[in-house]
Every structure is written in C-alpha cells, then in structure tokens.
Amino acid sequence: MKKQSAKPAKAHKKNRNVGIVGIGMTSLSSHKEDQNQPEMIHEAVRAALADAKMTLDDIDCIVHGNMELFEMQYQPDMWHVLGSGAYGKDEYRITTGGTVGATLVCAADNLVASGLYDTVLAIGFEKLQEGNTTGGITNMADPLWFRNIQTGALTGTTAAMMIDEFGAERAKKAAMKYRILMDKHAMLNERAHRRFGLEYDQAEDLMKTSPQLVGELRLIHMCSQSDGACAMIFTHEKKAKKVSKTPVWIRDHITVHREENMSNLYAFEKPEMTHHYAARKLFERNGIKDPVKYFDVFEMYDPSAWWGLDWSREFLQLKGDEHLRMLEDGEFDLDGKLPLNPSGGVIASNPIGATAMLRPAFAALQIRGDAGGCQIKKPVRHALASGFGGTLWTVLMMLEKDLDW
Amino acid sequence: MTTMTCKKEDTTNCFVFEGKMALPNQYFVGRLGSKFIIALRDKKKIMGLKCPKCKKTFVPPREYCHFCQTKIDENWVELGNEGVLVNYAVVRYLGKHLPKKVPYILGQIKLKGADTPLTHIVEGVDIKDVRIGMKLKAVFAPKTTNTLLDLDHFEPV
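Line by line, the protein sequences are chains A and B. 1 is the number of the first residue of the first sequence in this note's numbering; add one for each residue after it. 1 is the number of the first residue of the second sequence in this note's numbering; add one for each residue after it.
This is chain B alone, in the form it adopts within the complex (with noise of 0.2 Å):
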C-alpha cells in the first residue's frame, strides 16, 4: 500500500499574516418572524400559519402559501408545544458556531397543528435511545436572546 501524499509547497522564507474578524451587524427579522419570536419570548407559545385554500400550516411562518401562493399572513394558528419526532442526526463533529457541547441531537419535529416539522436541537434522551416516533415537548430558555433558541430544546413528554 503507498502512503498518503499531500504535496507539500515551498515556504521557506514566507510568513502567514494570522488575523480575526468579529464585526456587529443587525438583521431586521420582519413582521412575521417578530411575532414568531415574541410569542416564543412572552407567552412561550409557538405560532405558525395557515392557508385557507391548501389547509396547511406551516412553521417557521411564511408569507406566502408555498403550494398556491396565497397570502397568508394574517392567518395566525397557535401550535401546540407537543409534537412528534419524524427525523433526527447526531451531531458529532465540534464546530465553533455550533449551539450546544457535541454530541448532540438535532431533530425535526412535528408540532400538534403543523403540517412542517420544525428542525431544533433534542435533549433529554440518550443518543443511543433517540427513535423516530418519540413524542417530545418544547422547553423554552429562561433568558432570552431574541432567537429561535428562545424555545431551548425539546425533550421527552
């Protein structure tokens, strides 16, 4: 077996300029994800919303039906903040950017309501045990930073 070649350059004599970068920036999260995050924020109460035409709800809210392209966005629901476990990964690999100590599991999760699951971090369950099916209840932070982590994770019912 030949060994691993990774071809090497010539830096005899070069230097690497070492530099970071952390700049302030703000995004205007818009009407729609506004009241989404104040709901989540003040009344731990998760939102979506609702086509009249297709009888679909979707979560996180869009303006418009993604089927018809009907405005929707008056068309406010309250989902329940149980839902069902239809997807899952086991996040292994340590990211800086990453939201919680590795391994974690991140899931998709069907709300009561919601015709889209809605993709957040599942904790409360052994990696070994996460199944497909599980049913799982939202656990809101107790500070709030103005995001989708407002709502924590969900685990267990």
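In isolation and in its complexed conformation, chain A is listed as follows (with noise of 0.2 Å):
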C-alpha cells in the first residue's frame, strides 16, 4: 500500500467549542406517500427543535442538502422553506454526494465554530422512491470515459478482493456474519428501516440463495433504498451548557476524498484509501493511539456488508484479518469490545441525503443514552462516525460526552 504524501491542514482550530443540543428524525421507510418533501422534512425539524426545547426563532442560519438531482428536482431548498422554516433566515444548500449529510454536520460545526451565527439547523433528506438512484449514480460518472462501462452503486471489486486475500470460504462467511449483525442490531432499534429477524443459522443457505448483483455482491449484502429526513440542531459551548443537560461536543472532523474511476493507474499499486488516510490523519492530530480502544461506538456509512467489513480495517487501522477476528469473536456486537453500528447502519436504512448525517446523530444518541431499544448497555463517552461518497469520498468525525480532550 502506497502512503498518500498530500499535506492536510492540522486540528480544527475551534474559536469555540460546538454541542449539539437537538436530534429529529422521521420513521425511515421504503416508500412515504403520505406526506410530500416539505412535510416530511418539516416532521425532522419539529422533532429537532422540540428535542432542543427550542423554536424556529433560536435558529440562525439552516444548512440543508441532499443527492444532486437524485428525485429529479433542482434546487429544493427553495420549496422546502414551507418545511425547513428557513423564511427570513441565511441558509445554505450543500450537496457532496452521499457525503453530504455528514458535510452538513461539518458545515453546521465549522458556522457555530467561527461565530459567525450562534445556533444552526441542519437538515439531510432523502425521497428514493421518487427518484432512479442507480440512474443518478450512473450520470455521475464522466460521460466519455465510464457512463457506458460502469454498475453505478454497485461493485464486486471488495468481495474479489477479500476473496483473494481470506480465502472463499471465509470471506464469504464473514460477509454474512456481518449483514446478519447488521440485521440484529436494525431489529433493537426501532427506527430502522429493514428489520428481517435474520439468524446466523441462515448464514449458509443466504450465501447460495440471495440473488448476485456483480460478482459476490449479493442482494442481500447490499444497503436499502429508503425514504427519510434528518434534522440536527448544533450551538456554541454556552448556550449549549444552558439549553440541554446532555450536549454531545464535536471534537475534529475531516475530510478526504479522491477520484477513482480516473485512478485505474492504482490497479497495479494499491493507493492508502481515503477511509485509511482520513482516520490515520484525524487521529494523529488528536493523539488516538489505539481507536479500538478508545472509541465506545462507531457509526460507520456502510453500504454494503462487504464494504463495511473491509472499511473497518482502514477506519480502525488494523491490520491483517484483525477486522476479521474482530467481527468472528463478536468484538463489533452490542456488547463487544466496539459496538459497530448499532442503529443497524446503511444496510437497513439509506434515505442517502439524510444517511451520512444518521451516522453522528445515532452516535450522539447513544452518548446521551437516548439510543431506544439500540442502547449500547455500558457507558459510551467517545464515538465514531463515518460518511461516504462519491468515488471514495470520506467524511470522518469524532464526538464526546465530556468537554475534556
């Protein structure tokens, strides 16, 4: 593995620290007819500010986004104003790809950060059942060069090489176990959009029977298309202490991301992924020696069974099958040694604008132990949480119950 040399910047330098004092979130399902963009985004916010004990009136700015064109409409943010409440406020739309509701996260932080306006309200949203997320996928790609040769979401690159590396037998088995855990974990939290009751027992027959998408990629490993909106509610450290009795403080975010279609170069010298680079980076600049340790929950955007066991090897800076024998020996389970999503992640419920912004706000639950049904049972003081995008476009942040870094 090649080293990426780029030099990033060095630890956010914070004019104030940033809490997070409002989480609202609507059910996550396949289809919502029943209400139209506007309406369910306006359920998030609601939901947020009453979280927050707050009105429309404490809110400075709104920073709101989802996939570029993905239901087929351009710039929401005007219409959604019935919904956002942003009439007569500053509000930016942000849209990074599958990233974005973590850069929206980001954003919120670094607006509150600067002091440039005391509380914001971000929103990620998603309506995939109106829109074709494939085709949406598929135009993102360079229209000379890939549109024609690519799968848009969906990849077998990762099983093949895993395959490669651990052996059939293994791989596979691991795979499963995952997008069994995965299902476990979606079934303690109520939210969560995909609930199958899927026991490990039916590991070998899934591994022959889910259809195959690309190579071993399978039906079943792959993440769900949802509908759903996010709302989250950030303010600085005074107003946080003064308007929750559980704010969960932002640490450091970074991110990362890179090109890849173009980078076929790589195919003969695997580059550091961006998912690697993004936590090395992150933190070395906050003296994390050993994340496993440190971290009580990680939140991790994972799309995929497949992507999501081999992405906790980068994110975690292991090494080897380490990531393996982690998830064989239960370390990644509710009571493991890092509880690894929880929420059930990206494989039960994907409302993409919304997705990567689910991440930290589940994290932020569980650290407030507000979690449900989902509960990690010991104390979680630090977590973990990822966004993905993009061509391996990463987002990587770090929260914390206490004020003591």
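Derived from the structure by calculation, the hints contain no laboratory data. Please note: incorrect hints may appear among the correct ones.
[Stated by the list, open to error] Covered by chain B, per the in silico footprint, the following chain A stretches (three or more residues, Cβ under 8 Å):
| # | stretch |
| --- | --- |
| 1 | 133 to 142 |
| 2 | 153 to 163 |
[As the list claims (entries may be wrong)] Taking lysine to aspartate or glutamate pairs in the DMTMM-like style, the calculated list, with each CA pair at most 25 Å apart, reads:
| # | chain 1 | residue 1 | chain 2 | residue 2 |
| --- | --- | --- | --- | --- |
| 3 | B | 43 | B | 74 |
| 4 | B | 55 | A | 272 |
| 5 | B | 35 | A | 370 |
| 6 | A | 293 | A | 259 |
| 7 | A | 281 | A | 335 |
| 8 | A | 242 | A | 58 |
| 9 | B | 128 | B | 155 |
| 10 | A | 208 | B | 155 |
| 11 | A | 238 | A | 370 |
| 12 | B | 128 | A | 165 |
| 13 | B | 96 | A | 68 |
| 14 | A | 270 | B | 63 |
| 15 | B | 128 | B | 82 |
| 16 | B | 20 | A | 34 |
| 17 | B | 20 | A | 142 |
| 18 | B | 43 | A | 142 |
All C-beta atoms, glycine included, are put in the ideal place defined by N, C-alpha and C.
Take the two lone chains, each set in its own frame, and fit them into one complex as the hints suggest.
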C-alpha cells in the first residue's frame, strides 16, 4: 500500500466549542406516499426543535442538503422553505453526494465554531422512492470514459479482493455474518427501515440463494433505498450548556476525497484508501493511539456488507485479518469491545441525503443514552462516525460526552 | 424467527404523480478525448499518453502525469489492440442504463504498452471460464456512436 503524501490541514482551530443540542428524525421506510418533501422535512425539524426545547426563533442559520437531482428536482431548498423554516433566515444548500449528511454536520460545526452564527439547524433528507438511484449515480460518472462501462452503486471489486486475500470460505462467511449482525442491530432499533429478523443459522442458505448483483455482491449484502429526513441543531458551548443537560460535543472532523475511476492506474499499486488516510490523520492530530480501545461506538457509513467489513480495517487502522477476527469473536456486537452500527447501519436504512447525518445522530443518541432498544449497555463517552460518497469521498468525525480532551 | 417488518404509512386518499424525464444535453469531450475517440473510430487504434519523466503510459489519456504533474498532452503513443485481463466482475443485475444484456463481464485490460488498465466489456468467453491473465483483443463497433463504445468489446485472442 502506497501512503498518500498530501499535506492536509492541522487540527481544526476552533474559535469556540460546538455542541449538538437537538436531534430529530422521521421514520425511515421504503415509501412515504403520505408526505411530500417539505412535509417530511418539517417532521424532522419539529422533532429536533422539540428535542432542543427551542423554536425556529432560536435558529440563526439553516444548512440543507441531499443528493443532487436524485428526485429529479433542482434546488429543492427553494420550495422546502415551507418545511425547513428557512423563511427570512440565512440558508445554505450543500450537496456532496453520499457524504452530504456528514458535510452538513461539518458545515454547521464550522459556522457555529467560527462565531458567524450562534445556533444552526442542519437538515438532510432523501425520498429515494421518487427518483432513480442507480440512474442518478450512473449520471455522476464521466460521460465519455465511464458512463457506458460502470455499474452505478454496485461493485463486486471488494468481494473479489477479500476472497483473494482471505479465501472464499472465510470471506463469504464473514461478509454474511456482518450482514446478519447489522440486521440483529436493526431489529433492536425501532427507527430502522429494514428489519428482517435474520438468524446466523441462515447464513449458509443466504450465501447460496440471495441473487448475485455483481460478482459475489449479492442482494442481501446491499443497503436499502429509503425515504426519510434527519435534522440536528448545533450551538456554542455557553448556550449548549444552558439549553441542554446532555449536549454532545464535536471534537474534530476531517474530509478526504479522490477520484477513483481515473485512478485506474492504481490497479497495479494499491493506494492508501481515503478511509485509512482520513482516520490516520484524524487520530494522529488528536493523539488517539488505539482507536478500538478509545472509542465506545462506531457508526460507519456501510453501503454493503463487503464494504462495511473491509472498511472497518481501514478506519480502525487494523492489520491483516484483525477486522475479521473482531467480527468472528463478536467484538463488533452491541456488548463487544467496539459496537459497530448499533443502529443497523446503512444496510438497514439509507435515505441517502440523510444517511451520513444519521451516523453522527445515532452516535450522539448513544452518548446521551437515548438510543432506545439499541442503546449500548456500558457508558458511551467517545464516538466515531463516518460518511461515504462519490468515488471514495470520506468524512470522519469524533463526538465526545465531556469537554475534556 | 420473527418475520420481516417494513413500516407502511397510511396512504388513504393519497396519490402519486408518475413522471418521466428525458432531457437533451451536450458534453464537450475536449482535445484529448476527441483525439482518442477519433483514433478509435477512424483508425481502429487505441492511443495513450506517456510521461517522459516517469515513463508511465496512461489510458484513458490525461493532460497531466498523475505522479509528477508534468504536462504530457502532446506525448501520444499508439498502444497495441491486444492485452491481458488483469481483473473482472460479472454484472448480473438488470439495470436499464447497462449497455449489454446481463449477465456480462466487465474487465480491466492491460494493453500492450500501457501502464494502466482500460475498463471495458469482455465477450466471447463463458462467464464460468473467464480468468485473470487471459489474452484479449479489441473488437471495434461496426457503427460509430462517438463514445468509448466505438470499441465494442474485448474477446479472447
């Protein structure tokens, strides 16, 4: 693996600390034919305001985002003012593909930390049922070089590489165990979209019967297409301590991306993955030597079981088969060493524009002790949350219970 | 075992508007892209760009060397129409945007003289028999579309 040599910014120079004081989300489901987009957003906004015990009068600025053109509508922030509460306020629209939800959180953090605004409301949403997801993703590809010869969001490469590295039997078993673990977590999370009730003894059967999409990537491994919205409220330390008994602090975040398709040249020299690079830099500048030991929960953007499992090694800076062993030994379980996606992750619920915001949202609920059925039993003080999009665009952030770093 | 739960909203007296959009659009392919496609279309040749410093040949062509950022846009080299399969995946899901009937093979082919593989469709071999290391040759489309599909597919030598 060739390590990336770019010199990124040092740790964020924060003007002031920023806390998450309000979290709201709609139910996450495959169809929402009872609500239009502004109505769906408004449900999440109301929930976040109620959670923060605030009204729209307390909000100084709104950041709004989803996947560009996935619902075939341009600039939805215009007509979403009906539901977002942005009328008469500063509003920014942000769209960075799959990472958009996480980027919204980063932007809200920066807007408050800088002192430009005191309280910021971030809204991520998607109604995938209304658009054509794979069509949208296909349109993202370069029209000349890649649009005709790629497969949208579905890729079999990771499965092939893991089978190559660990052998077919162990790799396939591990990917299916990861999938079933995510379903077991989703079964505990009343908000999750897909809750199948899978059992580990079904693994053998599913490995044979689930339809193949690309290579060994099967339908059961893949994330859902969901409708839903998430809203979060951010404010500065002084106000956060005043309005909330359990503010969750944003410690640091990092964004890294690379165009992977044109980097075909890497076929012969595997580069340092953006996930690995982001985590390495983030942990380095925050003095985190052993992420598995330090973090109490990791909410990862895992679009498929193969990706989720492979990326756990990258994010957690593990070597060889350490990530497989952690999974096999139950260390990613709810009562394991580092519970992974207690929410059920992206495989269970994926309203894309909200998905990467749901990661820090679910992680913050864990820190607060408000995660409901999927609450981790031991105290959660340090959380890691990731976003993923485009061709390996990574956002990684650290959340803390206490202001003691 | 519990059964699958999928929350269904109350949609009494609600209806869905069905739409369909097909919009014309343009894309300027640039000097490098034009030259590459024209060579493919008119001369049945695959062209790459070589960095004189790094000695690496890139295909598809790019304006700058990925490694040293030297401008390489004039340094065209002709690549062979034959190469080796270095990676592949079998596409099995039926996507409306896909160029071929599934299942089909999407391969990465390292052409003679190139240092990067070209991603393209592989035909003429059963999906059970496809192997990394196979020797493949380019088959050009009889009718031009002015796209990368002027190179229709690769097949075993």
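We went through each hint and held it up to the structure:
Only residues whose beta carbon comes within less than 8 Å of a beta carbon in chain B count, and the stretch 133 to 142 of chain A has 3; three or more means the coverage holds. Counting residues of the stretch 153 to 163 of chain A whose C-beta lies closer than 8 Å to any C-beta of chain B gives 5; at least three are required, and the coverage claim holds. Taking the CA atoms of residue 43(B) and residue 74(B), the gap is about 19 Å. The hint holds against a cut of 25 Å. Between residue 55(B) and residue 272(A) the alpha-carbon distance is near 22 Å, which keeps this suggested pair within the 25 Å criterion.
For the hint linking residue 35(B) to residue 370(A), the alpha-carbon distance of about 60 Å lies beyond 25 Å, and the restraint is violated. A threshold of 25 Å between alpha carbons decides the hint, and for residue 293(A) with residue 259(A) the separation of about 32 Å lies outside it, so the pair is violated. The suggested pairing of residue 281(A) with residue 335(A) is violated, with an alpha-carbon distance near 28 Å, which exceeds 25 Å. At most 25 Å may separate the alpha-carbon atoms for a hinted pair to count; residue 242(A) and residue 58(A) meet this at roughly 13 Å.
Restraint check: the Cα-Cα separation between residue 128(B) and residue 155(B) comes to about 15 Å, which is no more than 25 Å; the hinted pair holds. Taken as a hint, the residue 208(A) and residue 155(B) pair is broken in the structure, with Cα atoms around 30 Å apart against an allowance of 25 Å. At most 25 Å may separate the alpha-carbon atoms for a hinted pair to count; residue 238(A) and residue 370(A) meet this at roughly 23 Å. Between the alpha carbons of residue 128(B) and residue 165(A) the distance comes to roughly 21 Å, so the proposed pair stays at or under 25 Å and holds.
At roughly 20 Å between alpha-carbon atoms, residue 96(B) and residue 68(A) fall within 25 Å of each other, so this suggested pair holds. Annotation: proposed proximity of residue 270(A) to residue 63(B) holds, straight-line Cα distance about 22 Å (limit 25 Å). For the hint linking residue 128(B) to residue 82(B), the alpha-carbon distance of about 22 Å falls within 25 Å, and the restraint holds. Restraint check for residue 20(B) and residue 34(A): satisfied, since their Cα atoms lie roughly 21 Å apart, inside the 25 Å limit.
The hinted pair formed by residue 20(B) and residue 142(A) meets the criterion: a straight-line CA distance of about 23 Å does not exceed 25 Å. Distance hint between residue 43(B) and residue 142(A) is fulfilled; the C-alpha atoms sit about 24 Å from each other, no more than 25 Å.
When the structure is compared with the earlier hints, violations turn up for hints 5, 6, 7 and 10 and for no others.
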